[in-house]
Amino acid sequence: ITATPGFDPWEAEIILLAKREGITTVAVDFSWDNLTMNSKHIRKTDYLVAWNSIMKKEAVEIHGYNPEKVFVSGTPRFDVYFDKNINDPGRDQFLKSKRLNPKYKTIFHTTVTKAYPFQKKYIRDLIELRHSGRIPYVNLFVRIHPLDIYENYREFFYVPDLCVESAGRSVGKVVEMSYQDLLNLKHSLKYTDLNINYASTISIEACIFDKPVINIGFIDRFKLAYEFNHYRPIYESGAVRLAKTDGELADLINIYLEKPALDREARDGVVKKYIGFTDGLSYKRSVEALKKILL
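The opening position of the sequence shown corresponds to residue 1 in our numbering, with each subsequent residue numbered one higher.
It is worth saying that the hints were derived from the structure and are not from the lab. Since this is a predicted model, take the numbers as computed values, not measurements. Careful: at least some of the hints might be erroneous.
Okay, the calculated beta carbon distance ranges per label pair [unchecked claim]:
id: 1; residue 1: LEU257; residue 2: PHE157; range: 42 to 48 angstroms
id: 2; residue 1: LEU262; residue 2: PHE157; range: 32 to 38 angstroms
id: 3; residue 1: ILE23; residue 2: ASP92; range: 49 to 55 angstroms
id: 4; residue 1: PHE228; residue 2: GLU258; range: 29 to 35 angstroms
id: 5; residue 1: THR36; residue 2: ASP251; range: 29 to 35 angstroms
id: 6; residue 1: ASP246; residue 2: GLN180; range: 35 to 41 angstroms
id: 7; residue 1: ARG154; residue 2: ARG77; range: 27 to 33 angstroms
When the alpha-carbon atoms are kept at most 30 angstroms apart in a straight line, the in silico BS3-like pairs for lysine-lysine are as follows [what the hints assert, rightly or not]:
id: 8; residue 1: LYS292; residue 2: LYS40
id: 9; residue 1: LYS292; residue 2: LYS69
id: 10; residue 1: LYS292; residue 2: LYS190
Each residue gets a CB set at the ideal place from its N, CA and C atoms; glycine is no exception.
With these hints in hand, go ahead and build the complete structure from the sequences.
Below you can see the structure in the form of structure tokens.
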């Protein structure tokens, strides 16, 4: 059992060695871009357990999987978002724990991997927009991607009403996310007012909490991300809006802070299409799929 169908080199090696030894292989909970944007990495497993019917269709039509060997479970790592038994903190308590002021609205800016060097520019832009009054004075909450470098953002550590937080914790050379980290991300999405990101899975997660999403794309060569097969339908759905200039970023922030319900129907459509299961039991469906494979 692997977490991806060969996207990571060590998983690719495991799949190939298992095939040589006649051992059945299955990838569970792989990411939504593995079968399209990252398809060159695929080492075909015998079975897949996919998030949704879109990914199942990609597996069958692009990679030639037998439809009977692709199961749709939902997304186990999103189960925490739908767990009604969790005693969540209140908004004020959560924001105070991040040294943010509950009397202000909060922009949640989530970075992507370290491969994209422009990310600090956007944070500087947000600080300047806030300082100049082009947007209301808001809290700025910056979550550093597990594959980004936290220390690179040191210049922002002591800016008032700005929190920089690393996702997960370092274990050797990798970053791991515990259940508490997933809970923290849930509360971060739940108690902030607007998400800004660059073509990230967080766009889908923000839709779960009905939070407006602004995608950033000031630099021409990086706008291509919005044409990738996995992300283009999100952009075209109207659930997110793309800021192509500094001016557009300010305008979209102002619009969404004033009218948070704008584009709600499109966000709901993304949840229905890409999440599907909202019962918090995707992990059980994954286990049931594995049982079918084993038996």
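Okay, the hints, checked on the actual structure:
Against the hinted window of 42 to 48 angstroms, the Cβ-Cβ separation of LEU257 and PHE157 comes to about 25 angstroms, which falls outside the hint. The hinted window of 32 to 38 angstroms between LEU262 and PHE157 holds, with their beta carbons roughly 33 angstroms apart. ILE23 and ASP92 have their C-beta atoms about 53 angstroms apart, which keeps the hinted 49 to 55 angstroms range intact. Range check, PHE228 to GLU258: Cβ separation about 31 angstroms, and the 29 to 35 angstroms hint holds.
Under the hint 29 to 35 angstroms, the C-beta atoms of THR36 and ASP251, about 31 angstroms apart, fit the expected range. Distance hint check for ASP246 and GLN180: the Cβ-Cβ separation is about 36 angstroms, which falls inside the suggested range of 35 to 41 angstroms. Look at ARG154 against ARG77: about 29 angstroms separates their beta carbons, and that is inside 27 to 33 angstroms. A C-alpha spacing of about 29 angstroms is found between LYS292 and LYS40, which places the hinted pair at or below 30 angstroms, so the restraint holds.
Annotation: proposed proximity of LYS292 to LYS69 holds, straight-line Cα distance about 10 angstroms (limit 30 angstroms). With a CA separation close to 36 angstroms, the supplied pair LYS292 and LYS190 exceeds the 30 angstroms bound.
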